[in-house]
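Could you build the full structure based on these sequences and the hints that come with them?
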Amino acid sequence: MAKKKQVNDSPKPLLSVAAFCLQVLNGNDGSFSGIRFVDHYHIQPPPAPDERSLVSVWAFIGFKSRTFTMGELAGDHLLRLVLWTPGRKKKIVHDFRLPSISEDVTALNVRIKLDLKVKTAGVWWTNVFLDGRLHARMPLRIVFVPALEPVNN
Amino acid sequence: MARANRRIKKGGAGGPFLDSALLCEQVICEHDGTYSAIRMINRITFHTEAPATGVMLMTPFWLLVSFKAGSFNGSQDLLIAIEDPSGRSYQPFHSLQIAFSGGDTGQVALCQLMLRYDIDGTYWIDILLNRKRFSRIPISIAFDGQTS
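Sequence order for the protein chains is A and B. Residue numbers for the first sequence follow my numbering, beginning at 1 and rising by one. Residue numbers for the second sequence follow my numbering, beginning at 1 and rising by one.
Mixed in with the good hints, there may be bad ones.
[What the hints assert, rightly or not] Straight-line Cα separation of at most 25 angstroms, SDA-like style, residue types lysine to any residue; simulated pairs:
#1 K12(A) x L78(B)
#2 K89(A) x S71(B)
#3 K12(A) x L128(B)
#4 K91(A) x I43(A)
#5 K119(A) x S56(A)
#6 K12(A) x R131(B)
#7 K12(A) x R136(B)
#8 K113(A) x G106(B)
#9 K12(A) x E30(B)
#10 K117(A) x R36(A)
#11 K90(A) x H40(A)
#12 K91(A) x T105(B)
#13 K89(A) x L78(A)
#14 K12(A) x S86(B)
#15 K119(A) x W58(A)
#16 K90(A) x L116(A)
#17 K12(A) x P85(B)
#18 K12(A) x K132(B)
#19 K91(A) x V143(A)
#20 K113(A) x T105(B)
#21 K12(A) x D32(B)
#22 K113(A) x D104(B)
#23 K12(A) x E83(B)
#24 K12(A) x D95(A)
#25 K113(A) x D32(B)
#26 K119(A) x P138(B)
#27 K132(B) x T67(A)
Worth flagging that the hints you see were computed from the coordinates, not collected in a lab.
Right under this line is the structure:
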């Protein structure tokens, strides 16, 4: 007997932002500001081959209700971030169970601090899933810049 | 060809992907190409009398739309259209062709929001790429008739 597929009648939220920032500010009135949206990150290479460099950015992810009606976003949501290394290996999976959303909320903004320890330069992709549905892929190109040597006069 | 390019593989393939579709009070563009979106909003109250229906209303907000290419190479039509609160009228606001070069490259569109005033209420800004809706941005506009 075929399994009956579960149907969720509430419209799916729409993505409003999925980007990396150096800082995300939350104002007193609830308005967010994204400071320096980045898709490149320059960092010194790890000092030794078996060590890693630390990349620290904020993932700024926002959704809006599709019809702006009360209750559309209400309930529990699961946000999942899946990182892919430049070598196309699935690196880290973060699951964030978001606090239960009340009836009057029509937008959902999340800021997540990501501290990545990397030893490979290149483009790292982060796949953004909300409730199991892929909404975006966020690229971050990590560039290793050699440290400048002091000049002796 | 475009269909083949959209095929989703592991990692960063597929695309284009929405990066941001925001209304904010200010956008600061830096010399190195990064930008900051200051105070994202979704409602405004003007302390003046409401204008006549059909008047073009210049809002103090900036519309920021950006996409990442993913594995897509080629051009797509970006259409930004505004639906009024009654849902009757659908105004094309901005239309342009944008080119993608694949990978982590992308495109950013930035403009000040101007719309044809109809009535107080929520206007919807639709972001469509090749007729596919990627996002909708609500902006609730009200005039309270009180001159400041």
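Hint consistency between K89(A) and L78(A) [alpha-carbon to alpha-carbon, up to 25 angstroms]: holds (23 angstroms)
Are the Cα atoms of K89(A) and S71(B) separated by 25 angstroms or less? holds (17 angstroms)
Is the Cα-Cα distance between K132(B) and T67(A) 25 angstroms or less? holds (17 angstroms)
When you check the alpha-carbon spacing of K117(A) and R36(A), does it fall within 25 angstroms? holds (21 angstroms)
So if I understand the rule, the pair passes when the alpha-carbon distance is 25 angstroms or less; does K113(A) with T105(B) pass? Since the Cα atoms of K113(A) and T105(B) sit roughly 23 angstroms apart, the hinted pair holds (cutoff 25 angstroms).
Are the Cα atoms of K12(A) and D32(B) separated by 25 angstroms or less? violated (36 angstroms)
Is it true that the CA of K113(A) sits at most 25 angstroms from the CA of G106(B)? holds (23 angstroms)
Has the given pair, K119(A) with S56(A), been kept, meaning a C-alpha gap of at most 25 angstroms? Holds, at roughly 14 angstroms.
Can the restraint linking K113(A) and D104(B) be considered satisfied, given a maximum Cα separation of 25 angstroms? The hint holds at about 21 angstroms.
Taken at face value, is the distance from the CA of S86(B) to the CA of K12(A) at most 25 angstroms? This hinted pair holds, its Cα atoms lying about 22 angstroms apart.
Holds or violated: K91(A) and V143(A), Cα atoms, limit 25 angstroms. Holds - the C-alpha atoms of V143(A) and K91(A) are around 18 angstroms apart, at most 25 angstroms.
Pair hint K12(A) and K132(B), alpha-carbon separation not exceeding 25 angstroms: The given pair, whose Cα atoms are some 15 angstroms apart, holds under the 25 angstroms limit.
Violation of the numbered hints given earlier is confined to hints 9, 21, 26; the remaining hints are satisfied by the structure.
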